[in-house]
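Here the protein sequences line up with chains W and V, keeping their order. Note that the UniProt record's numbering has the first sequence beginning at 1, numbered continuously upward. Note that the UniProt record's numbering has the second sequence beginning at 1, numbered continuously upward.
Read the hints as simulated data drawn from the structure, not as lab findings. Keep in mind it's a predicted model, so treat the numbers as computed, not measured. Hints are not guaranteed to be accurate.
In silico DSS-like cross-links for lysine-lysine, where the CA-CA straight-line distance does not exceed 25 Å [to be verified]: (1) V:11 to W:121; (2) V:188 to V:168; (3) W:61 to V:83; (4) V:83 to W:96; (5) V:11 to W:61; (6) W:96 to V:131; (7) V:111 to W:96.
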Amino acid sequence: MSIYKEITLNGIWKQNPGVVQLLGLCPTLAVTTSVVNGVSLGLATVLVMAAANGTISPVRKYVPNEIRVPVFILVIAALVTVIDLSINAFAHPLHKVLGIFIPLIVVNCIVLARVESFAAKNAPIPSILDGFMMGIGLTLVLGLLGGMRELVGKGTLFSGLDLVFGPAAKQFVLTIIPDYHGFLLAVLPPGAFLGLGMLIAARNWMDIRNKAKSADEHTTTSALQPALHP
Amino acid sequence: MSETIIKHAIKTAGTLTAFALVGTAILAYIFIITRAPIEASEAEARLALFSQILPHNTYNNNLLKTELTIPPNPLLGNRVPSKANIAKLGDETVGVILEAIAHDGYAGDIKLLLAIRADGAISGVRVLAHKETPGLGDYIEIERNTWITQFSNESLTKTVAKDWAVVKDGGKFEYMAGATITPRAVVKAVAKALQFFNENKLLLLENKTADKVAQSKDAT
Chain W
1 MSIYKEITLN GIWKQNPGVV QLLGLCPTLA VTTSVVNGVS LGLATVLVMA
51 AANGTISPVR KYVPNEIRVP VFILVIAALV TVIDLSINAF AHPLHKVLGI
101 FIPLIVVNCI VLARVESFAA KNAPIPSILD GFMMGIGLTL VLGLLGGMRE
151 LVGKGTLFSG LDLVFGPAAK QFVLTIIPDY HGFLLAVLPP GAFLGLGMLI
201 AARNWMDIRN KAKSADEHTT TSALQPALHP
Chain V
1 MSETIIKHAI KTAGTLTAFA LVGTAILAYI FIITRAPIEA SEAEARLALF
51 SQILPHNTYN NNLLKTELTI PPNPLLGNRV PSKANIAKLG DETVGVILEA
101 IAHDGYAGDI KLLLAIRADG AISGVRVLAH KETPGLGDYI EIERNTWITQ
151 FSNESLTKTV AKDWAVVKDG GKFEYMAGAT ITPRAVVKAV AKALQFFNEN
201 KLLLLENKTA DKVAQSKDAT
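Just chain V, with the same shape it has in the complex (with noise of 0.2 Å):
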């Protein structure tokens, strides 16, 4: 009788252990062929959202050669190295591209790419990713509403800290009724890529290497 019980219940296993085994081998197989297509289209949509955070007459170099390598940093959100792509005129530096991440989205992380100047002034934000509720959240993506672009011109000057937040909590951002976090954790994730930026404005502008940056981070 028992034999019989424990017979069974290794069949079972057994048979729950091939299906978990050949799931998991068909999802490695296809995430390995589905990746360098994906990191493809991921750096075109980069790209692509380079051109309209920037304007291509402010800069004149390859901003995919000049790319510097930001460590793991609390005001980025970023807990892996990113990247931040300097865009220069000539010899001069007219602005820097980073990316930062707000871990306080409704769903997940929210991606943002922002294009901050030299003189401290945001040119533009998009957001790369997000997983917020769609057609509610959503409206944080440049396709589907402008709401993103009101960040354009700001700056840590120009709005003082308390004035970075929704309307709601009593700052000066717009957002939409329905979904407050969403915009919430966007207007935050902006304000501390500027912050970051001031903090590390000289090397960023300079176009010191990833290694410096790290530095000025420690000592900070």
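Pulled out of the complex, with its shape left as it was, chain W reads as follows (with noise of 0.2 Å):
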């Protein structure tokens, strides 16, 4: 299997950073109240994590390992802060529906765990992939969690979409459950745990089965352990 194509593998399913590494809890957990939303946080964290791994990588072997997270931390954290004043001076429509993110991002340990794990022991160009397919990944999970927690707790998908693409979105709003009252429990922050716990399962049950399958076949000792560290 090429390079990029296990990269790409892991950042969406083997090490996906929100069911399996279970880095970047806390806004996971917190912005993830509707579809738009999560997967606007998402893509931030693409943006993100795709820079700091190219900006980490071609000067890793610079940085002593004593001191090698101040060092990315410092990078992290200048690098989201250029990005936010870069996207708010000159794409101020963006800014107006990912501002409220990016800071959020610069204390999300899944930048610099990936810094640290990947970027620090690999070249540019698939660091930046990592970078990128991690964040692909996180998108993915925060989409599916945004979309569980919306539907149950508002009845509609898609809501806020019209904030994202002006007005006209509006009408791609789903209302999925007519005359729904909504469930708060959903909405606040138990219910994002509820609903990580199953994404959790749903993913390690389709893992120990597609492993179980393969192990029939090819008689291999598979513990059935799903990965909880990177």
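Bring the two chains, given one by one in their own frames, into a single complex with the hints.
As structure tokens, this is what we get:
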């Protein structure tokens, strides 16, 4: 398997940051009250992670081992601020949508985790791809979790789409359950934990089933342990 | 032995310093080149907000030209001088647009823009900037919810002081379960801004200079 294919697979399934590595839980749980919020945060994370990995990888040989963490944090914090200011100045409509999410990312440990475990050891191009794919993997989880909470909590899907694409997008907001009075628990933080737990369970179930299948075929001894650490 | 340790420490410290210096330099550069466009888009957003909270047909002057500077005042919550815009119809002052800052939100300051009519009633309130939790506390934004419009036509005479609180605290203002700190901070800031308006009414309406407003604040 080529390295690029493996990176892609890792980001989206095997080492998915949202449901396998369980990194960056704070924004994951706080923001995913709707599909649009979740995906917006996810896309902002994609941008920051690809940029952070791409910045660290070329300078990785100049960073002594003892001070790598402070240097990484410094670079990530500076980078997030630069992205925040640049988007605000040169893409203001985008900033109105993503602006509130970008400062959340600077404290997101998934960025530091990928820089530390991947970009610090690999060449720039695979590093950028790793950041990008990890971000996409997180975006999928955020979107799914947002969808679950929005559907159960408010009975709609894609609400707030008009904030991203202008008032014309309002027609795409789906009211799945009409006359729904809402289920507050799903929108509140406990709903986020419950939803995430279900997603993790579903992913592990699928993983174990797949492994059992391939174990039958290859008669390998699989311990059926979902990986919890990167 | 100890010499190599010292050498190593100096080299490591030097590397960290170099990264810090480069990072700071890049940040400073980006800050300088983005400041003007950011200020321009903020001014544009302000003008757009003005038209939301003060109907166009109630005044006929250029609001950005009749600007007062209000020194730091605890009732408005501003720690640096903030701006007030006077709306006039002919020679008569019909309203004031004030900025108020709530420091007791859930995350960081909530910046509000209030239009108060000459009779002391609110024409409209909007949120300029906030860092409340997306999906929970952000319903104070007009784009997400009409919550903020409940302040329209409110005044300190219409609603007595003890009712200037959210329903949960025994007041009259609605809030949404899950985020009470945010609306609490906004209600309080709006009430204090009205109080500021009442205390400085004559000076604001007569369109005196900022020094006079400052003196009145010192006197009270």
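Violated constraints from the hint list, given by number and in increasing order: 3
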